[in-house]
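K.L.:
This is what each chain is made of:
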Amino acid sequence: MSKILIVAEVKNGEIKKNTLELLSFSKTQGIETGVVLIGSEVTELADILAGQGASKVYLADDSSLEIYNTEQYTALVTDALQQSESNQVWLSSSELGRDLCPRLAARHGVGALSDVTQLEVNGDQVTAQRPCMSTKIIQKCQFSKDGLRVITIRSGFFNAEETTPVSANIVSLSIPAGHAKLKVKEVKVEVSDEVELNEASIIVSAGRGVGGAEGCDFVKPLANDLGAAFGASRAVCDAGWLPHKHQVGQTGTMVTPDFYFAMGISGAIQHLAGMSGSKVIVAVNKDPDAPIFKVADYGIVGDLFKAVPVFREEVSKIKD
Amino acid sequence: MEIIVPIKQVPDVALNIKVKDGAVIEEGLSYVISSWDETALEAALQITEDIGGEVTLLTIGPEKAAESLRKGLAMGAHKAIHVKYYDAKQTDSFAYAKILQKVLEGREYDLILAGRQSQDTDAGLTAPMLAEFLDLPQVTNIIRFSNVSNQNMTLYRKGDHATEVLEMELPGVVTVHDTLNEPRLASMRGIMMAKKKPLEEIELEAIGITSEMSGLEGSMTEVLHYDKPESRKEGKNFEGDEKDTVKQALDLLISEAKFLV
Ligand SMILES: Cc1cc2nc3c(=O)[nH]c(=O)nc-3n(C[C@H](O)[C@H](O)[C@H](O)COP(=O)(O)OP(=O)(O)OC[C@H]3O[C@@H](n4cnc5c(N)ncnc54)[C@H](O)[C@@H]3O)c2cc1C
Ligand SMILES: Nc1ncnc2c1ncn2[C@@H]1O[C@H](COP(=O)(O)O)[C@@H](O)[C@H]1O
Chain A
2 MSKILIVAEV KNGEIKKNTL ELLSFSKTQG IETGVVLIGS EVTELADILA
52 GQGASKVYLA DDSSLEIYNT EQYTALVTDA LQQSESNQVW LSSSELGRDL
102 CPRLAARHGV GALSDVTQLE VNGDQVTAQR PCMSTKIIQK CQFSKDGLRV
152 ITIRSGFFNA EETTPVSANI VSLSIPAGHA KLKVKEVKVE VSDEVELNEA
202 SIIVSAGRGV GGAEGCDFVK PLANDLGAAF GASRAVCDAG WLPHKHQVGQ
252 TGTMVTPDFY FAMGISGAIQ HLAGMSGSKV IVAVNKDPDA PIFKVADYGI
302 VGDLFKAVPV FREEVSKIKD
Chain X
126 MEIIVPIKQV PDVALNIKVK DGAVIEEGLS YVISSWDETA LEAALQITED
176 IGGEVTLLTI GPEKAAESLR KGLAMGAHKA IHVKYYDAKQ TDSFAYAKIL
226 QKVLEGREYD LILAGRQSQD TDAGLTAPML AEFLDLPQVT NIIRFSNVSN
276 QNMTLYRKGD HATEVLEMEL PGVVTVHDTL NEPRLASMRG IMMAKKKPLE
326 EIELEAIGIT SEMSGLEGSM TEVLHYDKPE SRKEGKNFEG DEKDTVKQAL
376 DLLISEAKFL V
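Protein chains in written order, with my numbering: chain A, 2 to 321; chain X, 126 to 386.
Treat the hints as calculated values from the structure; they're not laboratory data.
A virtual CB, placed ideally from N, CA and C, is assigned to each residue, including glycine.
Treat the hints with caution; some may be incorrect.
Taking lysine-lysine pairs in the PhoX-like style, the calculated list, with each CA pair at most 20 Å apart, reads [what the hints assert, rightly or not]:
hint, chain 1, residue 1, chain 2, residue 2
1, A, K189, X, K283
2, A, K318, X, K322
3, X, K322, A, K287
4, X, K143, A, K295
5, A, K318, A, K221
6, X, K145, A, K141
7, A, K184, X, K283
8, X, K189, X, K209
9, X, K283, A, K12
10, X, K383, A, K280
11, A, K221, A, K307
12, X, K358, X, K368
13, A, K18, A, K246
14, A, K280, X, K214
15, X, K145, X, K214
16, A, K246, X, K283
17, X, K322, X, K189
18, A, K295, X, K227
19, X, K368, A, K320
20, A, K287, X, K353
21, X, K227, A, K318
22, A, K28, A, K18
23, X, K383, X, K353
24, X, K361, A, K146
25, X, K209, X, K353
26, X, K189, A, K141
27, A, K280, X, K368
28, X, K209, A, K295
29, X, K145, X, K353
30, A, K320, X, K383
31, A, K295, X, K214
32, A, K320, X, K361
Covered stretches of chain X (chain A as the covering partner; in silico rule of three or more C-beta atoms under 8 Å from a C-beta of chain A) [stated by the list, open to error]:
hint, stretch
33, 178-184
34, 289-300
35, 323-334
36, 342-354
37, 357-363
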């Protein structure tokens, strides 16, 4: 009998969408699923996880867990795995998941499948699809030995259903010590009300075509109008027009929104690698031969400085 | 400071990559050092230039992987270790991490600086697995470092919602984000000097790696087949005055794609 353990992620006192997606997906598989919930002041979130179908919530609520750290998280998930007798652990392909997954797998003497975009679970048999080689190739792969299955899954591939909280069945975990040789000195949180790239259902992104920091300021209001996240190509971030956290692409954030607007972005392979999984792509570019038009569902050959104001005007009409 | 930089020789993903019958076509591929590993090497070179020490490149790969080691030596690495691995097919990150562990057993080092992920697998698993096998602390995805000494260093990690600043006692394992630096190009002089630098060759058997520990047998996962991603269906392009084209596009966005409805 298969049993799954999902590692929950929390941001600003809420369960992140990527976690809810994993829970919704596990529900469609009809496999008993527990969740390990780690953080500081997170206890009340357990009921949300239960509402989403978590049979048990393995809880570690402690001020030392406010910020992710490899050692405590590895120990806690290991503890929850033993108590729940799960044979699979699912994590999101976030920075937390990317750091924790290999460490956890190695501790259990097994391999892992990372950044999976499609998953088939058949008892102990797990087959997955994952992009590789800058998303130029998709691999189909599987676990070839017995043992724990450790998997990270990209967000945006399963829908998170809305559910109502129910009272959770909580198992409290004891808090392990951190790594003696590693200390978190400080955390530089960029406090902002901006919509985060990997959580957004609409993204408006600026490329070098915006011409400078002022050009970014020209495009950004459209993102605000749409309640969208504001992204950028690496060219924009490298030039210092926007901080690197806005970068979409293979080495920035991988995104899969419902709607992606590329404004003055040529569509280099590394940019496409990070956004070509978007459901609908709209591109504005002066150059009719720009590679972005190869992936765009709606391509506007034209000047973004003329197009953005029309978008804003039309959107405000629709919203009224 | 003794720094180990594990590098992987991979196909250049900037070039066209073709698949046939579920396999990547070898012909026409050109091989390079995985770009994140070059970033790791650049960081290692900067550290040793700053506080002294040596950078050792380490690769597990076929004969031709020696070219990548020579390139890294030309960039400035001091020495290199080539673990000869003739048939790398179906070797996953777990197996590579185990082999790296064996190679490093009994060697002296302060820091292992690796890529966040390799350019062919995009897996991002090997370095933290190695850290666990060696029982060392890890910090992944760093965008900056400071206060490096032979005992410890400060690392800035790009986390999900914040930059985490960590203090790590050495030895430890670090992986780099590609924005950390711009790797240098090898100079003519560097290329000449590289030929004289020590390149140690190791056969798998010599370090006790049996056939059960390599290839598919030593791996925990296997690739069943490779495919091109499904291409997106042909889009619609609009040319002309932006006043008209934007409206036309928006009309379709709303009626076909249910935008904002
Ligand atoms: C290892 C590596 C990793 C990388 N990772 C990433 C990554 O994660 N993300 C990423 O984005 N890039 C990445 N890159 C960089 C990538 O190769 C491109 O250089 C970058 O994406 C180009 O950004 P751009 O499209 O904004 O700029 P450009 O390629 O310069 O394109 C600008 C576009 O704007 C158009 N334009 C100009 N003026 C206007 C106007 N007024 N109106 C409309 N259109 C206009 C032009 O026609 C052009 O197509 C990476 C590169 C490497 C080597
Ligand atoms: N064959 C190899 N030889 C040396 N180092 C490797 C090898 N494979 C992976 N690595 C290291 O591990 C990192 C991550 O690899 P991966 O798990 O494939 O994404 C790479 O950036 C390298 O630093």
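K.L.:
Next, verify each hint and record whether it holds.
P.N.:
Going down the list of hints, with the structure as the test:
At roughly 10 Å between alpha-carbon atoms, K189/A and K283/X fall within 20 Å of each other, so this suggested pair holds. As the CA atoms of K318/A and K322/X are separated by approximately 69 Å, the hinted pair breaks the 20 Å bound. In summary, the hint linking K322/X to K287/A is not supported, as the alpha carbons are separated by about 51 Å, beyond the 20 Å threshold. With a C-alpha separation of about 18 Å, the suggested pairing of K143/X with K295/A holds against the 20 Å cut-off.
Annotation: proposed proximity of K318/A to K221/A holds, straight-line Cα distance about 18 Å (limit 20 Å). For the given pair, K145/X sits about 14 Å from K141/A by alpha-carbon distance, which is consistent with the 20 Å threshold. Distance hint between K184/A and K283/X is fulfilled; the C-alpha atoms sit about 16 Å from each other, no more than 20 Å. With a C-alpha separation of about 10 Å, the suggested pair K189/X and K209/X falls inside the 20 Å cut-off, and the hint holds.
With a CA separation close to 15 Å, the supplied pair K283/X and K12/A stays within the 20 Å bound. For a cut-off of 20 Å, the pair hint linking K383/X to K280/A stands: about 11 Å separates their Cα positions. Note on K221/A and K307/A: the hinted pairing holds, with a Cα-Cα distance of about 14 Å set against a maximum of 20 Å. Between K358/X and K368/X, the direct Cα distance comes to roughly 26 Å. Violation of the 20 Å bound is thereby established for this hinted pair.
As the CA atoms of K18/A and K246/A are separated by approximately 19 Å, the hinted pair is consistent with the 20 Å bound. A threshold of 20 Å between alpha carbons decides the hint, and for K280/A with K214/X the separation of about 34 Å lies outside it, so the pair is violated. Under the criterion of a C-alpha separation no larger than 20 Å, the hint pairing K145/X with K214/X is consistent with the structure, at around 16 Å. For the proposed pair K246/A and K283/X, the alpha carbon gap of about 9 Å is at most 20 Å, so the pair holds.
Our distance criterion of 20 Å between C-alpha atoms is met by K322/X and K189/X, whose separation comes to about 18 Å. Of the supplied pair hints, the one linking K295/A and K227/X is violated, its CA atoms being roughly 47 Å apart against a limit of 20 Å. Of the pairs offered as hints, the one joining K368/X and K320/A holds, with about 19 Å between alpha carbons and a cut-off of 20 Å not exceeded. Taking the CA atoms of K287/A and K353/X, the gap is near 29 Å; set against the 20 Å cutoff, the hint is violated.
Only pairs whose Cα atoms come within 20 Å are accepted, and K227/X paired with K318/A is rejected, the gap being roughly 66 Å. Proposed proximity of K28/A and K18/A is supported: the alpha carbons are some 15 Å apart, at most 20 Å. Using a Cα cut-off of 20 Å, the hinted pair K383/X and K353/X is violated, with the two alpha carbons roughly 29 Å apart. Pair hint K361/X plus K146/A does not hold up; C-alpha atoms about 47 Å apart against a cutoff of 20 Å.
With a C-alpha separation of about 31 Å, the suggested pair K209/X and K353/X falls outside the 20 Å cut-off, and the hint is violated. A distance of roughly 27 Å separates the Cα atoms of K189/X and K141/A; the hinted pair therefore is violated under the 20 Å criterion. This hinted pair does not check out: K280/A and K368/X have alpha carbons roughly 25 Å apart, beyond 20 Å. At roughly 42 Å between alpha-carbon atoms, K209/X and K295/A are farther apart than 20 Å, so this suggested pair is violated.
This hinted pair checks out: K145/X and K353/X have alpha carbons roughly 9 Å apart, not beyond 20 Å. With a CA separation close to 14 Å, the supplied pair K320/A and K383/X stays within the 20 Å bound. Taking the CA atoms of K295/A and K214/X, the gap is about 33 Å. The hint is violated against a cut of 20 Å. With a CA separation close to 25 Å, the supplied pair K320/A and K361/X exceeds the 20 Å bound.
With a cut-off of 8 Å between beta carbons, the stretch 178-184 of chain X has 0 residues touching chain A; three or more are needed, and the interface restraint is violated. Chain A is given as covering the stretch 289-300 of chain X, and this holds because 7 residues of the stretch bring a CB closer than 8 Å to a CB of that chain, at least three being needed. Note: the stretch 323-334 of chain X has 0 residues with beta-carbon separation from chain A under 8 Å; the three-residue rule is not met and the coverage is violated. Closer than 8 Å: that is the beta-carbon criterion, and the stretch 342-354 of chain X has 11 residues meeting it against chain A, so the requirement of 3 holds.
By the rule of at least three residues with a Cβ nearer than 8 Å to a Cβ of chain A, the coverage given for the stretch 357-363 of chain X holds, with 6 such residues.
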